[in-house]
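Student: This is what each chain is made of:
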Amino acid sequence: MNLTRRHFLVLLPAAALAWESILAGTPEAAPNYQISEHWWGMLVDIEKCIGCGNCVRACARENNVPEGYYRTWVERYRIKEVNGVETLEVDSPDGGMHGFPSSDEPGVKQFFVPKMCNHCADSPCTQVCPVGATFISPDGVVLVDEKYCLGCRYCVQACPYGCRFLHPQKNVAQKCTLCYHRISKGLTTACCENCPTGARQLADLKDPKDPIHEYLRTHSVQVLKPHMATGAKLFYHNLDGAVR
Amino acid sequence: MPTDGFMYPNEIELQWSVLIVLYPFLTGLVAGAFILASLERVFRVDAVKPTYRLALLTALAFLLVAPLPLQLHLGHPERSLEMYLTPHRSSAMAMFGFVYLWYLMAVLVMEIWLDYRRDIVLLSQTTTGVKRLIYRVLTLGSSNISDGALAVDNRVGWIITVIGIPSAFLLHGYVGFIFGSIKANPWWSTPLMPVVFIFSAMVSGIAMVLLLYMGLNRLRGKPIDMRCVDTVAKYLFYAFIIDFSLEMLDLIHRIYESDESFRSLDFMVHSRLFLSQVVIQIFLGTVAPILLLGLTQVSRLSEIARKRIYALAGCLTMMGIFAMRWNVVIGGQLFSKSFLGYTTYKMGFATREGLLPAVVLTVLPFIILFVLVKLLPPWADEKTEPIARSAGVH
Chain A
6 MNLTRRHFLV LLPAAALAWE SILAGTPEAA PNYQISEHWW GMLVDIEKCI
56 GCGNCVRACA RENNVPEGYY RTWVERYRIK EVNGVETLEV DSPDGGMHGF
106 PSSDEPGVKQ FFVPKMCNHC ADSPCTQVCP VGATFISPDG VVLVDEKYCL
156 GCRYCVQACP YGCRFLHPQK NVAQKCTLCY HRISKGLTTA CCENCPTGAR
206 QLADLKDPKD PIHEYLRTHS VQVLKPHMAT GAKLFYHNLD GAVR
Chain B
955 MPTDGFMYPN EIELQWSVLI VLYPFLTGLV AGAFILASLE RVFRVDAVKP
1005 TYRLALLTAL AFLLVAPLPL QLHLGHPERS LEMYLTPHRS SAMAMFGFVY
1055 LWYLMAVLVM EIWLDYRRDI VLLSQTTTGV KRLIYRVLTL GSSNISDGAL
1105 AVDNRVGWII TVIGIPSAFL LHGYVGFIFG SIKANPWWST PLMPVVFIFS
1155 AMVSGIAMVL LLYMGLNRLR GKPIDMRCVD TVAKYLFYAF IIDFSLEMLD
1205 LIHRIYESDE SFRSLDFMVH SRLFLSQVVI QIFLGTVAPI LLLGLTQVSR
1255 LSEIARKRIY ALAGCLTMMG IFAMRWNVVI GGQLFSKSFL GYTTYKMGFA
1305 TREGLLPAVV LTVLPFIILF VLVKLLPPWA DEKTEPIARS AGVH
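From first to last, the protein sequence lines stand for chains A and B. The first sequence begins at 6 in this note's numbering and counts up one residue at a time. The second sequence begins at 955 in this note's numbering and counts up one residue at a time.
Among the clues, some could well be false.
Once the Cα atoms are required to be at most 20 Å apart in a straight line, the calculated EDC-like pairs of lysine to aspartate or glutamate come out as [to be verified]:
1. A/LYS175 / A/GLU67
2. A/LYS175 / B/ASP1213
3. A/LYS230 / B/ASP1213
4. A/LYS53 / A/GLU198
5. A/LYS152 / B/ASP1213
Each pair of labels, with its calculated beta carbon distance range [claimed, not checked]:
6. B/HIS1224 / A/ALA247: 21 to 29 Å
7. A/GLU91 / B/PRO1145: 32 to 40 Å
8. A/GLY203 / B/ASP1213: 35 to 43 Å
Hint data in this document are derived by calculation from the structure and do not stem from the laboratory. Fair warning: this is a prediction, and the values are worked out from it, not measured in the lab. Just so it is clear, CB atoms sit at the ideal spot from N, CA and C, and this is done for glycine as well.
Could you build all of it, start to finish, from the sequences and the hints given here?
Tutor: As structure tokens, then:
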């Protein structure tokens, strides 16, 4: 190919644009995201969760979650009756990241409970932040401004669900962002996308056409610790009363 | 074994360390010392007059150090000023800066300055060199110590003390509110928390001033005013009775109500917190000093016996109140919010939030107090009068 200097100069801006597009990754599915038209929540169907840990791994990869800390994790509940008394065993080795050792003990009720930030509408964590570094976005996602957070950890104490931690290097509070960088581009969260059974589903509570929104309206669902009155938006289907 | 049972994975690491234990401990001493000082100023309890100025200086020394553990604890201490510049109005913690500054500048420093103004003016005229310069700066350009001016000082000082009493309650009640308002944590979440904090603050502050007064007089080789220490001990006894009653009310209420957290917390008190809560806080740090102080109230003991009992009761009290702060702050993080497990607090030594900085921050107020006592002697027997007259003032 005979490339003249003139051709090269003409092609350069086009090549730069193309390179920028490659760097940006998947083209935006919803380039005109209107923040006020959404109100995000999530549905977790306990019966569908197989405890594979895909969601935990996907979250850690997607969000560079430091080792030993969890933006999402999976708990395994095992309820059995010994001499007429019900006993409860709960574990979550490495946040359930690598799945769970198999257990075929007969007569044991066993199920998995994926956990993450409940993105509460009346969140105690945003209430207590002394500088407002943690806040709820107009589309219902609780976020932390890392450039503003003092690292006082009052929010960690205030969260009833144990969803927050102090990033060991950045020294700021961190938590699930509901993959805001993805959902604001029309994608779903990393955990939902990687769930092989569809146990986790992102829900837009302002979109009447959203099938998950429809599901929430027509099925019996529960939130964790409802007595805390936090306005949690992480809804569970088939949640056992033993779950805390 | 760091954990027992099940903890949410992010709960294993404790977030608030021994430095956050120090914070309510130090502010409690401030509030308690100030309330003791106000006994003389507002409630005219003349017997405690010898401790008045010492109590004010003690409050100042501890108040100056109180924010340091918080500052050291922050992940980003360089951003702490944001609490003043862009406070989040719904946050109890955002109030800290304003409550602190109000108490420091509008109450304590003002009251100390007004009370010492006459002495400062006289000292600025009788000392030489650097000391003279310091005292001249401390006069803030106000050298009028006529009877009329001093009467105004006295009146304004009284008003500030009257404002100061609710301010002292606010300072420490607010610290209690920081914990008591966290509904996620059943160990903290009780409306009694601010009230318990206020009365435990009074107990710790009064005990600290009692110990300092007796200790410093012993060091100076001066006699201890027994009428004064008897009265201070009497008030310590009363404050202790109220404090203990409130803590027992909280305990009985929890036991009787037995909500979903009760079994988990009860197990914690009988295992991981048994030593610090039951043995140190309740028996050694509360019941023992109450019995000792009660003994001095009901029987006629010799002066030397009373002094020894006050010293012992004071030391036990300080230990008990520190244990109470420890049990609130650390105890509140040892159990899982799932109520299914427990973790362990591992304190470092020479780390940023370890034992060493905690010890340094505990000793620091005493060093500041030493400087303050040298600069502004609180003793009635060291008043700067005769030389002043010869300097031609009045």
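Student: Does each hint hold? Answer for all of them.
Tutor: Against the structure, the hints:
The suggested pairing of A/LYS175 with A/GLU67 holds, with an alpha-carbon distance near 17 Å, which does not exceed 20 Å. Restraint check for A/LYS175 and B/ASP1213: the C-alpha separation of about 38 Å exceeds 20 Å, so the hint is violated. Taking the CA atoms of A/LYS230 and B/ASP1213, the gap is about 14 Å. The hint holds against a cut of 20 Å. Of the pairs offered as hints, the one joining A/LYS53 and A/GLU198 holds, with about 15 Å between alpha carbons and a cut-off of 20 Å not exceeded.
A hinted pair counts as satisfied when its Cα atoms are at most 20 Å apart, and A/LYS152 with B/ASP1213 does not qualify at roughly 40 Å. Range check, B/HIS1224 to A/ALA247: Cβ separation about 24 Å, and the 21 to 29 Å hint holds. Between A/GLU91 and B/PRO1145 the C-beta distance comes to about 34 Å, which sits within the given range of 32 to 40 Å. A/GLY203 and B/ASP1213 have their C-beta atoms about 37 Å apart, which keeps the hinted 35 to 43 Å range intact.
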